[in-house]
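Residue-level listing of the chains:
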Amino acid sequence: MVRETFGSDEQQEGPTRAAVVDWARDVYDDLDFTAVRRWLEANPGRKAGGYLPVYVPREVLHATGFLPVGIHGAGDRLEIIRGDAFYQSYICHLPRSIIELAQSGRLDMLSAVLFPSTCDVIRNLSGMWKLLYPDIYVRYIDVPQTPDPAAGADFWEGELRRLLHDLALVSGHQATDQDLRETIRVYNEMRDMIRTLYRVRQERPWDVPTEELYVLLRAGEVVPPEEFIAQARRYLGAVEAEPRRPRDNSRVIVVGAFCEQPPLGLIKSIERAGCYIVDDDFILGNRFLANDVSLTGDPVRALAEAFVHNDMRTSVLYEGDPRGKKQLMAQRVAAANADGIIFATPSFCDPALLDQPMLRTGAEQAGIPCIAFKYAENTGQFQQFREQAGTFADSIKLWGVV
Amino acid sequence: MAEALKDRSMVLQKEMLANYFARLEQAPEKGEPVVYTFVPGNLVELIRSFDALPVLPEINALQSGMRKLSGDYIMEAERSGHSEDVCTYVKCDIGMMRNGNLGPSGKKLPKPDLLLLSYTGCYTFMKWFELLREEYDCPTVMFHVPYQGDGVLEPEHREYMIRQLREQVIPALEKATGRAYDEEKLKERLRLSAQAEDDLVAVLQAGKQRPSPIDGYFGAVYYVGPIFSAFRGTQEGVDYYRALREEVEERAAEGLGPVTPDGPLNDQRYRLVVEGPPNWTSFRDFWKMFSDEGAVVVASTYTKVGGTYDFGFRHDPNDPLGTMADYCSGCYTNLNLPARIEMLARYVKEYEADGFLINSVKSCNSFSAGQLMILREVEKRTGIPGAFIESDLVDPRYFSAANIKNRLESYFQMIDARRRGKSA
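Heads up: the sequence lines are chains A and B, in that order.
Residue numbering for the first sequence follows our numbering, starting at 1 and increasing by one per position.
Residue numbering for the second sequence follows our numbering, starting at 1001 and increasing by one per position.
Calculated directly from the structure, the hints in this document are not laboratory data.
Values in this document were obtained by computation on a predicted structure and should not be read as measured data.
Virtual Cβ for every residue (Gly too), placed ideally from N, Cα, C.
Treat each hint with caution, since some may be false.
Below, computed lysine to aspartate or glutamate pairings styled on DMTMM-like, alpha-carbon distance capped at 25 Å [said to hold, decoys possible]:
id	chain 1	residue 1	chain 2	residue 2
1	B	K1288	B	E1249
2	A	K374	B	E1249
3	B	K1380	A	D84
4	A	K374	B	E1084
5	B	K1175	A	D148
6	B	K1288	B	E1352
7	B	K1208	B	E1409
8	B	K1208	B	E1249
9	A	K326	B	E1076
10	B	K1068	B	D1051
11	A	K374	B	E1409
Restraint-style ranges between C-beta atoms, simulated for each label pair [said to hold, decoys possible]:
id	chain 1	residue 1	chain 2	residue 2	range
12	B	R1284	A	L398	48 to 58 Å
13	A	D298	B	N1403	50 to 60 Å
14	A	A335	B	S1410	51 to 61 Å
15	B	S1410	A	F373	54 to 64 Å
16	A	D292	B	R1023	17 to 27 Å
17	B	E1183	A	P322	27 to 37 Å
Input sequences plus hints: build the corresponding full structure.
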């Protein structure tokens, strides 16, 4: 049975919550990046620097005077015409829509684009960008994969210094240590805010629906971090002021959607099928550093140390612990007090799909109910997801297993 | 199908491989340690300097493909939860392991004492060894080779690799084998590598001649087999490449083409450059589609996936750790797209090719992502139209013989039409 959660008992939203969510939704929907263009108009001489998922050190962009801009594809909101001419059918959807955005001029406000070491598709796209846009600064960001923290930190510090140097040439602003510390402080605050949002959602998912949290986080990818923090604070204030009534939903974590993002309709479908999403991988880069970066000592070294001593465990990093993959899902389920796992994975996503057998085996050995499905960012039909998620939620409630 | 014709070197290689797999089977009882590692960026000289034996999972997978075993192995892996969307080498390897881990020669492969994850040019490698570690429950050492995102090996990246070799890889090998690192032994291995590399380059560059005495793709995957796998840095490898070079030079002196499975290809009507790995499940049929039309491949990028030697790199015994870093960094899939395009355009010009063809395999994003752009860029730079076909490495479900044959025939007709246009 599919549980319906909307209708006559749909709860009313207060003006502040609605205002923040509407703002975030507008920013999220806007494929012309008007927020970025307005920021550039308001800050003459400043630059915007793009980055692809999953992780780049946004602090380096920010400290050198750039507005960091997340490029997460166009979802289901853009018809792909030019992008398909660049990719075979067996390659994921994300790079097509990114190419489409770029080829249609929607990314022409970017002076630099960073391509992180997420997978071979994004890696190769960095070379394509060099050819397509020779006037744009392009850098492939190879994060350290060695499990040795000393060698990893030295390598990463070198990469960060190189990036600081190069970006300063583009922006005309050489970051001082003081600039970097101020940037680190802002991003520590931003990550702290995101952790708070996730904690509140985990404790009271009825008060922080993922449908709202998600668009707020997406807006945070294209506005200055200070603006995101202010909007998130308003949102949390509204959540406290307008508590909602809990429902008898199942608590799930959604795993695998860290790069190509699901359409908003998919998130809504999962929630409306009777699932509270209490942890997820969406837009993982915004909380990739799980702990604060130190504000003392050399700031570049502090960023490097924060990366190699990070607690984040994800498909895009080498797992040094032989038991790590098998244990990860049970740990995340316990931390989120979840009932089950939905593996929602983009089609043709190597990192997520290659990890899934290890993660799912570990979860099932721990007795955790799981289901899995694949999507593309432009998936337009959600009925099958809704039925699957609804059946999953019901079976957890009825029997505790699937 | 008639018995395939073989070069002398192919017969020699077959013997080498049979002996090697027999040795691998006996390794546990003889106390010879076994190290699994990948072809691109393999550190075979280092492994062998510890008297350990390398096993290369991609080689096992492609051999399973050629022996028509891979389809069942892949299905087995997919039944146990592996996605149909991901690399079929990985699934073939996992299926092979779950079917008794019988290697290509039918002999059982030993379990690894160490998984040496040389993370070079392919994201999937990282997951592959995480998956194998689950199956084998053995130590793993990660060696991270930074990608040449800006088209060069940056000095800091080189130092990072050398440091990992010194502080991570060598201690892991010492622990796994119970033997101390011996730099002199490594240097000797590297010296042997360089000798074999000289001869390999001479063989591959013979493709510049008319007629070409080699096939630089279908034939050359045999030529690079020993040097991409267990035999670099060995006297056997040196002897093989000397014999191969003599064989090719003999053919060249007589004005003969390469030996294909269906006979010598002396009447060469089309000279091609090929990008991308071959399909292994229908390898002979695939080759025949070319040889039947008189098409010879004069150069390819796939034959640089385990090392790029034709632009001057040789392993240098005087700088043992540095040279291994240089080698790893320069493997083809660790190069950025502009460098790959440059290499292809150069091959088209230097080998006087009539055309170039991309075989895009579904399994391998490291190769495939961006190949449509490579096609357009190489066309732009050389003025020669390219062809694009699709297949897979070892999944027989993705080899459509009729479609590929049609495309190839159309492409050859187009080359003919261009020739007529030029001569008119």
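Q. K1208/B and E1409/B: Cα distance at most 25 Å?
A. holds (24 Å)
Q) Quick one: are S1410/B and F373/A within 54 to 64 Å, going by C-beta? A) violated (39 Å)
Q.
The hint says 50 to 60 Å between D298/A and N1403/B; measuring C-beta to C-beta, is that right?
A. Holds: the Cβ-Cβ distance is about 58 Å, inside 50 to 60 Å.
Q. Is it true that the C-beta distance of D292/A to R1023/B lies inside 17 to 27 Å, as the hint says?
A. At 54 Å between Cβs, range violated.
Q: Would you check the hint for K374/A and E1084/B, treating anything up to 25 Å between C-alpha atoms as holding?
A: Holds. K374/A to E1084/B sits at ~11 Å (cutoff 25 Å).
Q.
Run the distance test for K1208/B versus E1249/B: straight-line Cα separation, threshold 25 Å.
A. holds (13 Å)
Q | Range hint 48 to 58 Å (beta carbons of R1284/B and L398/A) holds or violated | A | holds (56 Å)
Q: Please work out if K1288/B and E1249/B have their alpha carbons no farther apart than 25 Å.
A: holds (24 Å)
Q. When you take the CB atoms of A335/A and S1410/B, is the distance between them in 51 to 61 Å?
A. Since the Cβ atoms of A335/A and S1410/B sit about 58 Å apart, the hinted range of 51 to 61 Å holds.
**Q.** Agreement of K1380/B and D84/A with the hint, judged by alpha carbon distance not exceeding 25 Å
**A.** holds (20 Å)
Q.
Next pair to validate is K1068/B with D1051/B; report whether the Cα-Cα distance is within 25 Å.
A. It is violated: about 33 Å lies between the C-alpha atoms, which goes past 25 Å.
(Q) For a C-alpha distance cap of 25 Å, please report whether K374/A and E1249/B respect it. (A) Outside the cut-off at roughly 54 Å; violated.
Figure legend: structure checked against the earlier numbered hints; hints not met, in rising order: 2, 10, 11, 15 and 16.
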